[in-house]
Structure formats: structure tokens, C-alpha cells
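S.K.: Each chain is listed here by its residues.
2 protein chains.
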Amino acid sequence: MPDDRQRSRLRSDERRAQLVALGVATLVDEPLEDITIDRLAAAAGVSRGLLFHYFGTKQGLHEAIVRTARDAMLHATEPRPELEPLARLDDTLRRFVAFVAEHRGTFHALVRGASAGDADVRALTDEARDENARRVIAVFLELGHEDRPLLRSALRSWVAFVEEMLDEVPTHDERSAVDLTALLVRSAVAVVGALDATD
Amino acid sequence: MPDDRQRSRLRSDERRAQLVALGVATLVDEPLEDITIDRLAAAAGVSRGLLFHYFGTKQGLHEAIVRTARDAMLHATEPRPELEPLARLDDTLRRFVAFVAEHRGTFHALVRGASAGDADVRALTDEARDENARRVIAVFLELGHEDRPLLRSALRSWVAFVEEMLDEVPTHDERSAVDLTALLVRSAVAVVGALDATD
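So the protein lines, in turn, are chains A and B. In terms of our numbering, the first sequence opens at residue 1 and continues consecutively. In terms of our numbering, the second sequence opens at residue 1001 and continues consecutively.
Chain A with its partners taken away, still in its complex shape (with noise of 0.2 Å):
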């Protein structure tokens, strides 16, 4: 059983949680810029001390809820490894246009206004973009692409261009999602392809 030390602990632990948490489902309406220590505080019904307390700035506050989001991000479209891989990316795309159904304005977030702000929280989004494109050039070397630099940065790009596309292309219903994942599969096919005509 935890001690009283340690349940303290988990309660500040789950409290800064909260809190975060908070800031991210305000992400869904808001540009990152807007959301401050006093509007998270006010919103929340804690004192600005405890906020200062656990983020120490607004750029601090900025990091954690960036960090949370894109992690969840990157955990929801997480590959399946026992997948073959052309299956997976199919996979993970699927799962990746289905959470920018559900959180789109935490996704429009992401991608666009907290690759804005300091060079901290653009650091963490460019995180994102790195895991993303190590994931799908690991597609195309198990597919026997050969390994170089061209091949990584055209996947990184293609990341790029998922995004924007995910970023634009609404999805209403199953079919449209399902049509959405195919067409960025395919174009993922099609820009190696092109790639590969150029030796």
C-alpha cells in the first residue's frame, strides 16, 4: 500500500494531470497562443499559484499540453508490428484519420498552431513528424527499398503532405475515411515510385 507520502504525491501527480488535460480539450477550440496560466486557472477553479507551481511559465504550460496531445496522437496510430507492410501503414493511417475525426481541432492544433509558437513547442511537433516518417520509411525498407537519404527525406515530406491532407480533407462517415486511408496509402506508393525513377 502506498504511504502517505506517496499518495500525496499521486494526488499532485493526477491534479497536474487534470490540468493538462484540461488545457488539451481547450486546444479543441483555441489557438495554443490564447490559452494562458489565469484563463486555464479561472477555467479550472484553482489558484494561478498551483498552475505556476506545476508549469512554472505559459511556455511551460504550453509544452505540457502539446506534449500530451501529441503523445496521445502518436500512441492512438501506434503500428502494429505482426501486420505485413503495406497492411500496416493502411492500419495506422485508418487509425490516424479516425483520430482527427474525433479531435480535430486538437489535431488543426497541432499541426498548424503549435508549429507556430516558441522553438520548444515546434520542437515537439517536429517530434511527431519525425516518429511518423520513421514509421512509414520502415514500411519501405521491409519492402526492400534500398536506404537512402532521398528515400527518408521524400517519406518525411509525405508526412508533410498527410497532414496537411488530414488537416483539409474532412472525413463524414465510414466509406469517406475508408476512401481517405486507401488515396493517402497509394499516395505513399506513388511518391516512392516517382522516387524511384530517378537513378
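There could be a bad hint or two in this list.
[As the list claims (entries may be wrong)] Incomplete in silico selection of chain A near chain B, CB under 10 Å:
#1 Ala160
#2 Ala188
#3 Gly193
Don't read these hints as lab results, they were simulated from the structure. Owing to the predicted nature of the structure, the values given are computational and were not obtained by experimental measurement. We put the beta carbon where it would ideally sit given N, CA and C, even for glycine.
Using the hints, position chain B against chain A.
M.R.: Only chain B this time, still in chain A's reference frame:
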């Protein structure tokens, strides 16, 4: 002949343009957010007051710098209407590749740094992406593709792909510039092909 007031106005416009040009040049090695009224005044050897007179605020200065850099890029890559659609796309992209090779720091700032910062500055770089999207959409409409939202979204997203590629892939010589251009043209065709398979 210009009268005194016109001459004085001309000198004032020129002086402002020179300060903006110095700002654009600074953008080559420094992120936009580091360019302040104080530092630009010191670098130009003019008073802070003069910069405030021309630009009002640091924000106004940033907007003037980004607008000038962006317009230079759009001007350097203006499509030649006399060319056939795909030849025009190739020609435009070739000049885009050359522009980035010559002004890599500025381009990086336009794509990455300036997409940070405040909403007004971001709107300027968004307009550049819109213009580049319009140009490539015109190419594919002329080639006979149906005008539909998905085509427009895919080509606008392809512009994001191109921006990343240009930012990431160095071109050392004429040959690598030609190869990169050809790859970008093929990738546009490939993405549109992936789209047509959707129906």
C-alpha cells in the same frame, strides 16, 4: 521631373526598402523572432525611431520582411503561360529549386520560421502556399482533370510536400537540381494518379 516632395517621398520609400532588404538578408542566418527593431537599427546604422516610423512595431517589421521575401520567391517562380501544362510545371519547379539553392536560409525561414510567429505573419506564408497551389491546380485542370475539392486539397498538400523536400534535399550542382525537379514533377503526377484511383 519629380518635385521636391516626390523626391523626398522616393528617398523615404527607398530607405524603407533598404531596411526591409537588410531584414531579408538577416533572415538568411537568423530566425525571424530574433530580428528586432533595436538590432536592425544597429545593423543599419539608423535610429530606432526611424524603424518605428516605418514599421510601427516589431510585428510590422516582421510582416514587411516576410512579405518581401515571399514576393521575391513567388516572382522568381512565376509560371510561364506560353508553356504546355507539364512543361510549365517543370519550368516553375526548376526555378523554385534554383531559388532555394540561392536563398536557402530565407526559404527555410519562410517555410519553418515564419510559419511560426504571429497569425498575421503566418497568413502571409499561407498565401504563398495558396498561390503555389493555384498554379499547380491550373496545370492539372488544363490536363483535363475534373475540378473537385479532393484534387484541390491533394495538390495544396502536395505543395507542403514540395516545401519540405526543397527544405531538406540539397542540390549541389545542375545535375542534382534537374533530378530533384524531375522528381517533384513526377510526384505531382503520381499524387493525382493516386487520387484518380479513388472513384
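S.K.: Classify the hint on Ala188/A as holds or violated, based on whether any CB of chain B lies nearer than 10 Å to its CB.
M.R.: Nearest chain B Cβ about 9 Å off; hint holds.
S.K.: Quick check on the hint: Ala160/A CB to chain B CB, less than 10 Å?
M.R.: Because about 4 Å separates Ala160/A from the closest Cβ in chain B, which is inside the 10 Å limit, the hint holds.
S.K.: Restraint: Gly193/A near chain B, CB-CB cut 10 Å. Satisfied or not?
M.R.: holds (6 Å)
Of the hints listed earlier, there is not a single one the structure fails to meet.
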